[in-house]
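Asks: So the protein sequences, as listed, match chains P and A.
Residues in the first sequence are numbered consecutively from 80, following the numbering used here.
Residues in the second sequence are numbered consecutively from 80, following the numbering used here.
These are calculated hints, taken from the structure and not from any lab test.
Cβ coordinates follow ideal geometry from the N, Cα and C atoms, glycine included.
This list has only true hints and no planted wrong ones.
Here are some of the chain P residues that sit facing chain A, going by a computed Cβ distance under 7 Å:
#, residue
1, ALA343
2, MET345
3, ARG364
4, LEU368
5, GLY379
6, THR396
7, PRO400
Here are the computed distance ranges between Cβ atoms for each label pair:
#, chain 1, residue 1, chain 2, residue 2, range
8, P, GLU181, A, GLU333, 27 to 35 Å
9, P, LYS350, A, GLU152, 44 to 52 Å
10, A, GLY88, P, ARG238, 43 to 51 Å
11, P, LEU503, A, SER223, 53 to 61 Å
12, A, GLU152, P, ILE439, 28 to 36 Å
13, A, GLU124, P, PRO209, 41 to 49 Å
14, A, GLU386, P, LEU503, 41 to 49 Å
15, P, ARG156, A, ARG207, 49 to 57 Å
16, A, GLU333, P, PRO209, 29 to 37 Å
17, A, GLU124, P, GLN232, 44 to 52 Å
18, A, ALA192, P, GLU181, 55 to 63 Å
Number of protein chains: 2
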Amino acid sequence: MTDYGANFGKTIKKLLDEKKYQTLKDVLVTMEPADVAAVFEDIEEERMPLLFRLLPKELAAETFAELDSDWQELLIRGFSDSELRELLGELYVDDAADLIEEMPANVVKRILAQADPQTRREINEILRYPENSAGSIMTTEYVSLRPDMTVAQAISRIRRTGVDKETIYTCYVTAERRLLGTVSVKDLLLATDDDAPVSAVMDPNVISVTTLTDQEEVAQMLSRYNFLALPVVDTDGRMVGIVTFDDAMDVIVEETTEDIEKMAGMLPSGKTYLHSSSLDLFRQRIPWLALLMVSATFTGMIITSFEHALAAQVALTAFIPMLMDTGGNSGSQASVTVIRALSLGELSFADMPRVLWKEIQTSVLCGTALAALCFGKIMLVDRLLLGNADITAPTAFTVCFTMALTVLIAKLVGCSLPMVAKRLGFDPAVMASPFITTVVDALSLLVYFTAANALLF
Amino acid sequence: MTDYGANFGKTIKKLLDEKKYQTLKDVLVTMEPADVAAVFEDIEEERMPLLFRLLPKELAAETFAELDSDWQELLIRGFSDSELRELLGELYVDDAADLIEEMPANVVKRILAQADPQTRREINEILRYPENSAGSIMTTEYVSLRPDMTVAQAISRIRRTGVDKETIYTCYVTAERRLLGTVSVKDLLLATDDDAPVSAVMDPNVISVTTLTDQEEVAQMLSRYNFLALPVVDTDGRMVGIVTFDDAMDVIVEETTEDIEKMAGMLPSGKTYLHSSSLDLFRQRIPWLALLMVSATFTGMIITSFEHALAAQVALTAFIPMLMDTGGNSGSQASVTVIRALSLGELSFADMPRVLWKEIQTSVLCGTALAALCFGKIMLVDRLLLGNADITAPTAFTVCFTMALTVLIAKLVGCSLPMVAKRLGFDPAVMASPFITTVVDALSLLVYFTAANALLF
Numbered sequence: 080m081t082d083y084g085a086n087f088g089k090t091i092k093k094l095l096d097e098k099k100y101q102t103l104k105d106v107l108v109t110m111e112p113a114d115v116a117a118v119f120e121d122i123e124e125e126r127m128p129l130l131f132r133l134l135p136k137e138l139a140a141e142t143f144a145e146l147d148s149d150w151q152e153l154l155i156r157g158f159s160d161s162e163l164r165e166l167l168g169e170l171y172v173d174d175a176a177d178l179i180e181e182m183p184a185n186v187v188k189r190i191l192a193q194a195d196p197q198t199r200r201e202i203n204e205i206l207r208y209p210e211n212s213a214g215s216i217m218t219t220e221y222v223s224l225r226p227d228m229t230v231a232q233a234i235s236r237i238r239r240t241g242v243d244k245e246t247i248y249t250c251y252v253t254a255e256r257r258l259l260g261t262v263s264v265k266d267l268l269l270a271t272d273d274d275a276p277v278s279a280v281m282d283p284n285v286i287s288v289t290t291l292t293d294q295e296e297v298a299q300m301l302s303r304y305n306f307l308a309l310p311v312v313d314t315d316g317r318m319v320g321i322v323t324f325d326d327a328m329d330v331i332v333e334e335t336t337e338d339i340e341k342m343a344g345m346l347p348s349g350k351t352y353l354h355s356s357s358l359d360l361f362r363q364r365i366p367w368l369a370l371l372m373v374s375a376t377f378t379g380m381i382i383t384s385f386e387h388a389l390a391a392q393v394a395l396t397a398f399i400p401m402l403m404d405t406g407g408n409s410g411s412q413a414s415v416t417v418i419r420a421l422s423l424g425e426l427s428f429a430d431m432p433r434v435l436w437k438e439i440q441t442s443v444l445c446g447t448a449l450a451a452l453c454f455g456k457i458m459l460v461d462r463l464l465l466g467n468a469d470i471t472a473p474t475a476f477t478v479c480f481t482m483a484l485t486v487l488i489a490k491l492v493g494c495s496l497p498m499v500a501k502r503l504g505f506d507p508a509v510m511a512s513p514f515i516t517t518v519v520d521a522l523s524l525l526v527y528f529t530a531a532n533a534l535l536f
Numbered sequence: 080m081t082d083y084g085a086n087f088g089k090t091i092k093k094l095l096d097e098k099k100y101q102t103l104k105d106v107l108v109t110m111e112p113a114d115v116a117a118v119f120e121d122i123e124e125e126r127m128p129l130l131f132r133l134l135p136k137e138l139a140a141e142t143f144a145e146l147d148s149d150w151q152e153l154l155i156r157g158f159s160d161s162e163l164r165e166l167l168g169e170l171y172v173d174d175a176a177d178l179i180e181e182m183p184a185n186v187v188k189r190i191l192a193q194a195d196p197q198t199r200r201e202i203n204e205i206l207r208y209p210e211n212s213a214g215s216i217m218t219t220e221y222v223s224l225r226p227d228m229t230v231a232q233a234i235s236r237i238r239r240t241g242v243d244k245e246t247i248y249t250c251y252v253t254a255e256r257r258l259l260g261t262v263s264v265k266d267l268l269l270a271t272d273d274d275a276p277v278s279a280v281m282d283p284n285v286i287s288v289t290t291l292t293d294q295e296e297v298a299q300m301l302s303r304y305n306f307l308a309l310p311v312v313d314t315d316g317r318m319v320g321i322v323t324f325d326d327a328m329d330v331i332v333e334e335t336t337e338d339i340e341k342m343a344g345m346l347p348s349g350k351t352y353l354h355s356s357s358l359d360l361f362r363q364r365i366p367w368l369a370l371l372m373v374s375a376t377f378t379g380m381i382i383t384s385f386e387h388a389l390a391a392q393v394a395l396t397a398f399i400p401m402l403m404d405t406g407g408n409s410g411s412q413a414s415v416t417v418i419r420a421l422s423l424g425e426l427s428f429a430d431m432p433r434v435l436w437k438e439i440q441t442s443v444l445c446g447t448a449l450a451a452l453c454f455g456k457i458m459l460v461d462r463l464l465l466g467n468a469d470i471t472a473p474t475a476f477t478v479c480f481t482m483a484l485t486v487l488i489a490k491l492v493g494c495s496l497p498m499v500a501k502r503l504g505f506d507p508a509v510m511a512s513p514f515i516t517t518v519v520d521a522l523s524l525l526v527y528f529t530a531a532n533a534l535l536f
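Please model the entire structure based on the sequences and the hints provided.
Replies: Right under this line is the structure:
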């Protein structure tokens with residue numbers, strides 16, 4: 080995709096250099112808004128306003144909605160008041176609200192001054208809702224029908240008012256703004272009797288969300304039910320807007336990226352990698368690195384307190400990395416699996432006993448297999464092949480025993496911490512690899528040295 | 080969501096116990112297929128067929144498509160031939176093809192025997208395509224229009240034939256099966272002239288995929304362009320089917336789960352956590368655990384070869400876990416960020432120099448900050464607070480120097496391995512935390528002991 084934008088950018092630049100504006104226009108109108116936006120973000124800043132003015136109104140608005148906020152700001156600063164008014168007239172209300180959330184205060188002021196009163200009211204409505212709520216991502220432009228309209232009247236209403244609506248395919252049947260049912264254009268078109276009332280063809284079993292429902296839940300519901308849009312009602316039960324599937328797809332991708340970032344011990348950034356400066360990356364990464372480094376003091380203390388054992392048998396040190404890594408890997412396998420299942424809604428806290436039991440069984444299988452493999456490896460490779468005579472069968476046994484127990488501890492810690500975090504209202508994704516590794520490191524070293532003291536000295 | 084299904088399950092079970100079949104029916108018809116399926120998977124197996132027979136035809140087929148394959152098989156084995164025929168008549172062709180892929184051979188034979196010749200042909204068409212290709216997830220049921228039809232004729236054709244189509248909202252204008260353009264029902268309904276030919280209202284700039292395009296790419300295109308469906312053409316340029324947005328959402332979620340599993344050092348399973356047995360989990364997890372454990376032999380060898388240094392200053396051992404963990408965490412931050420950007424199509428191999436430069440800058444920032452923090456921590460906590468007089472300023476300097484260099488190495492290895500893997504046609508997700516940790520462990524220990532030899536002895 081990126082490649083496509085970049086390569087196409089060259090053609091566009093050449094046409095711009097040669098001032099072939101008519102050709103440029105002919106080329107741009109054949110493209111999808113997302114691709115035009117990719118080309119715009121690839122050319123020099125000062126040429127973008129010129130290029131933008133070549134686009135027909137509707138494509139211009141759709142392209143604008145796809146641009147990154149830096150480019151949007153650049154364009155708006157170059158717009159005359161009438162250009163800005165025209166753009167706002169074409170933008171969907173939810174895109175306009177997104178825009179306002181991203182712009183600095185003086186730009187926001189200008190935008191609101193140019194928006195017509197109706198749009199301004201709708202934008203403010205959306206901006207009232209907390210970030211990441213259904214209210215904040217909904218659009219107020221949907222088709223509403225009255226229950227007593229006939230099918231023919233409904234179709235003609237859609238034909239008359241549909242042009243500004245984000246989707247016309249699911250229509251909402253309301254009376255005094257209360258949601259009575261939904262009816263799809265498919266149902267209306269395929270209805271056998273054009274004179275039947277809408278209430279007879281509508282589906283009265285409506286699934287809706289409230290303005291305060293978390294956007295991730297909204298996205299999961301849209302994906303679970305394969306809906307094109309979900310209606311949003313306010314706390315008094317009155318319909319105020321809809322969330323469409325394309326916004327839900329974006330939410331799913333964004334929220335997953337956030338989860339992945341948290342699982343890798345980073346603060347979520349909300350910016351794409353190439354748009355992040357190294358200072359952004361530093362800010363995103365240093366908090367967990369610093370915290371985890373400091374918390375490694377405990378592992379250091381454990382090693383220090385067993386110094387005599389290590390001094391007596393230096394060979395023991397050589398196995399520390401293997402034990403720690405196996406523990407870390409086992410733990411992150413369990414934690415990442417559980418975190419993903421939690422965020423897909425496949426698991427809840429009530430499943431904890433089943434999860435623990437599954438992980439205990441899996442640990443016994445993995446631990447036994449690894450311990451056996453490890454014993455063979457130590458005796459064959461480390462002792463025979465590498466000729467390390469310090470390593471005796473009791474040493475190997477100590478290592479392998481620790482290995483098996485570490486796998487068990489790691490899997491139990493790995494699967495339970497995220498579930499407990501979720502239960503306590505924290506984000507389970509934070510309880511992933513880096514954090515679990517630190518906990519498991521300390522526990523596995525304790526097991527190791529205790530076992531060594533008991534078995535070898 | 081899970082909770083909802085489970086709680087509702089109790090009501091349904093009670094109604095079943097009391098044989099209140101009419102009430103059950105009244106309740107079930109108000110529910111969405113995905114929720115009915117969740118209830119079914121929650122009740123005892125032997126009662127499911129009874130419950131299934133209470134559903135009206137269409138809801139029954141939609142619920143069936145949402146069920147896990149174990150439950151689908153159970154139902155089919157209980158069906159009479161005529162029940163099976165009826166179900167196949169209602170199922171969308173892509174769901175029928177999915178079903179056949181999951182069933183054992185004898186069940187497949189029965190299904191194909193009961194399908195009508197047209198359906199059988201279409202199913203076989205879909206099954207011809209490789210797994211994870213656009214062809215394998217498409218449906219052949221779409222609305223096609225001729226370019227010379229009028230808008231009014233087009234609408235009446237949709238009304239006549241639309242009932243069996245998976246989506247009617249995007250229609251495909253074809254001549255001799257070649258795709259000329261797309262037209263949405265919105266365009267048709269909002270067209271001002273009912274007698275205009277379809278060719279005048281259609282959009283001739285069609286974005287399509289081929290039957291062999293990877294399903295992940297198809298899903299990303301649908302999400303990028305906010306399309307309801309993408310047309311699929313065969314290698315001769317003839318239109319053969321469409322992929323709809325709801326299937327794309329499922330693909331995005333599945334592929335992300337696979338990526339996450341690989342990043343945590345697991346083989347992707349394709350099963351949900353609670354549906355995986357501990358043997359499944361063992362098979363998924365043991366290969367990487369075993370491989371990484373064996374490869375830790377190298378870190379062991381490095382430690383063994385520097386045994387004299389460690390014996391001379393045992394305090395050095397205490398810092399090994401901290402250095403290894405910080406290296407591992409730094410590396411996985413970089414690798415996970417790059418892997419995610421690659422799989423979202425935000426990065427390509429051509430961006431490698433920019434990525435390396437960004438990571439070098441970030442490493443210098445993170446490395447300096449961590450080294451300074453670490454030096455303070457060692458001198459204050461380890462030396463003063465814990466009274467470890469072995470730890471001198473040169474020791475602290477050695478540790479902090481290693482720390483800074485490890486962060487740099489880890490970030491460079493972390494960001495470049497996934498990009499190189501992608502370039503060579505391997506899956507970048509495999510180059511994540513566990514693998515990078517092993518590589519970085521060995522490199523950081525080498526730096527540590529080399530620095531210690533140079534600075535302390």
